[in-house]
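Trainee: Here are the chains, one letter per residue:
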Amino acid sequence: MDIKTINEMIQRESAFVDTLTAEVGKTIVGQKYMVERLLIGLLCNGHILLEGVPGLAKTLTIKSLAAAIRAKFQRIQFTPDLLPADLIGTMMYNQKEGTFFTRRGPIFANFILADEINRAPAKVQSALLEAMQERQITIGEETFPLEEPFLVLATQNPIEQEGTYPLPEAQVDRFMLKVRIGYPSREEELLIMRQNVLGENKDLKPVVSPKEILAARNVVRQVYMDEKIERYILDIVFATRQPAEFKLDKIAPMISYGASPRATINLALASKAHAFIKRRGYVIPEDVRAISLDVLRHRVAVTYEAEAEEITPEHIVQEILNHIEVP
Amino acid sequence: MQMTDSRIQMTDGRIQMAVCRRQMRVARLTLVAVLILLVAVEAGAQEPQLRASVDSSEYKIGEWVWVRVTAEVPSGISSLVPAVKDSLGSFELLSVDEVPDGKAERVWNFKLIAFDSGTVFVPPIPFSYTVAGDTVQRQAVTNMVFLTIHGVSVDPQGELKDIKPPLDAPWKFEDFLPYLIALVLLALAVWAYRYYQKKKRERELAYVPPKPVIPPATVALAALRALEDKKLWQQGKVKEYYSEATEIIRRFLEDQYRILALESTSDEIMQQLKPVPEAQSLLKQFRSFLTTADLVKFAKYAPTPDEHEAELRWAYEIVRTMAPRPEQQPDGMEETAEEAVDVR
Chain A
1 MDIKTINEMI QRESAFVDTL TAEVGKTIVG QKYMVERLLI GLLCNGHILL
51 EGVPGLAKTL TIKSLAAAIR AKFQRIQFTP DLLPADLIGT MMYNQKEGTF
101 FTRRGPIFAN FILADEINRA PAKVQSALLE AMQERQITIG EETFPLEEPF
151 LVLATQNPIE QEGTYPLPEA QVDRFMLKVR IGYPSREEEL LIMRQNVLGE
201 NKDLKPVVSP KEILAARNVV RQVYMDEKIE RYILDIVFAT RQPAEFKLDK
251 IAPMISYGAS PRATINLALA SKAHAFIKRR GYVIPEDVRA ISLDVLRHRV
301 AVTYEAEAEE ITPEHIVQEI LNHIEVP
Chain B
1 MQMTDSRIQM TDGRIQMAVC RRQMRVARLT LVAVLILLVA VEAGAQEPQL
51 RASVDSSEYK IGEWVWVRVT AEVPSGISSL VPAVKDSLGS FELLSVDEVP
101 DGKAERVWNF KLIAFDSGTV FVPPIPFSYT VAGDTVQRQA VTNMVFLTIH
151 GVSVDPQGEL KDIKPPLDAP WKFEDFLPYL IALVLLALAV WAYRYYQKKK
201 RERELAYVPP KPVIPPATVA LAALRALEDK KLWQQGKVKE YYSEATEIIR
251 RFLEDQYRIL ALESTSDEIM QQLKPVPEAQ SLLKQFRSFL TTADLVKFAK
301 YAPTPDEHEA ELRWAYEIVR TMAPRPEQQP DGMEETAEEA VDVR
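Chains as they are written, first to last, in the working numbering: chain A, 1 to 327; chain B, 1 to 344.
It should be emphasised that the hints constitute simulated quantities derived from the structure, not laboratory data. Among these hints, one or two may not hold up.
[Said to hold, decoys possible] Which chain A residues stay away from chain B? Per the calculated CB distances, all over 12 Å, these:
id, residue
1, Y33
2, R70
3, K72
4, P80
5, D86
6, T90
7, M92
8, G98
9, E169
10, R186
11, L214
12, A275
13, A308
14, I320
[To be verified] Here are a few chain A residues that face chain B, going by a calculated C-beta distance under 8 Å:
id, residue
15, I3
16, A244
17, Y257
18, N322
In this text, a Cβ means the ideal position worked out from N, Cα and C, and glycines have one as well.
Start from the sequences and build out the full structure, keeping to the hints where you can.
Mentor: Spelled out as structure tokens, the structure:
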């Protein structure tokens, strides 16, 4: 397919992005960054780990997105006493008929907000992460495929660590993006304050159907990515593994382990989705740069020495991005 | 008669037997006595004989009293050590040293000191010892030694005198040693510093100034001319042509304005150019230059020959406009941008 055709197709298929963003913007002030990342996750069929202090409209954003897409939304508060059956469902006994029947858990929805995922023990986390990976649930002897689109947004509270079960590195890698949400700007917060004080409840209308999202996923894969961009992505990922080869000797002792091949795949996919959202039929280095931090921050681990110096994975990724030549 | 004789013979036999029995009893008793005597002698022989002596019987108060203890140690004694702590009667024990004398006797020197005047005695000094094949600790003591300790004679009629200051200990080599080492180290440090300064001066004298830096504009213009001469787009190598053109401009920005242009995207470059005064009139052209190059490089865009030429024209204009004027040229720059443009 030539680039002109791709561009035209992208222009046509990505039209819903503006409508969707505008609809979500009716209830959400600011948080454009988060909404954009949610769309990228949705378009790439990837899940997102959100990190931010409470009260940043995480729940409201995903709820609004679900409402604007006409999708089913479920919020699950993870607690230490949560059981896998509370999440996926269980077999129940019908005394009247003398038979067992399946009661489906809250995971059977399009959009799942796994709130404070690190508060639940490992077995519940595993149950969720398995469902995220397999996109199907087995209860008893029956297997149920999860309805598409299926997007899990897990949140982690970065300020409280007591009584939590931090996600193991292998599990974190299953999240396509790890998005760090910051506070809104002064002007945005003024609007938030006014909106909430007046108590205006704006009902969101569904502007996109799940079918359109699924169709857009196929279009995203058609976005053209030049070999130069592919090599640029590889340079970034390889620099996290062998920094010395990229003349980044000073950060070499700070990296405990680098990004996995899954990071390469996700960085390429997310860059395509970013180009799609920007309504372009081709990927440019800006797309890669824009999404790199979210794809790599949970896939690069720093050493204890670096932690002692308050060096975070973000610092490492930023240093790599500042050092690798852009094609 | 025969009977009488036989009786006499019988009586004689009995007497002889009685004499024999008596002799045997005496021999047995003698043997027991000898054995008892031997055991007693042996037991007495196991105890060490200790003798304490002094060189003089008169000492001044506070003067060291050397007590020499000589021990005759029998062969059966396995260990013999003084069993004293820090004092002996009215004496303080300062030290105990065994003196090797190479003889069968063992000798210890006890250094004592007393602060009471009068006739005093050094009490028996206890020693612990063990006998070979026995773990029991036994004790032997020396004899007592009588001494006279004289106090300081005070003239009650004489005038009062101040307390004398402590006497300075005589200087020994060990006292000088730390100062000597410090002096040697200081001398070494001074020598090393002078040596370093000398070498530095030598290096400075041998320093060859680097070649004058060619201004980034000159380098960029030369590179653009080389790119033009390569005729890449004419040969169908459009992507290479645009890649090289943008790289020349990015390198120029990096060298001229210390902007991280090679590591920045087009948008980031535009952001970084905003505060640069020389770039203000060129921002639109810059955007077009970078966008066209991005389209060719990443979106398979095929520009027309006019666009190819326009791209290079923009590149020349960017360099010429942004090159510093002669008065802005930093020292050491070999050629000014104006000269570089003239060359072209």
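Trainee: Run every hint past the structure and note whether it holds.
Mentor: Outcome of the hint check:
no.	hint	result
1	Y33	holds, 16 Å
2	R70	holds, 34 Å
3	K72	holds, 38 Å
4	P80	holds, 45 Å
5	D86	holds, 46 Å
6	T90	holds, 51 Å
7	M92	holds, 56 Å
8	G98	holds, 66 Å
9	E169	holds, 29 Å
10	R186	holds, 22 Å
11	L214	holds, 26 Å
12	A275	violated, 10 Å
13	A308	holds, 28 Å
14	I320	violated, 10 Å
15	I3	holds, 4 Å
16	A244	violated, 18 Å
17	Y257	violated, 24 Å
18	N322	holds, 6 Å
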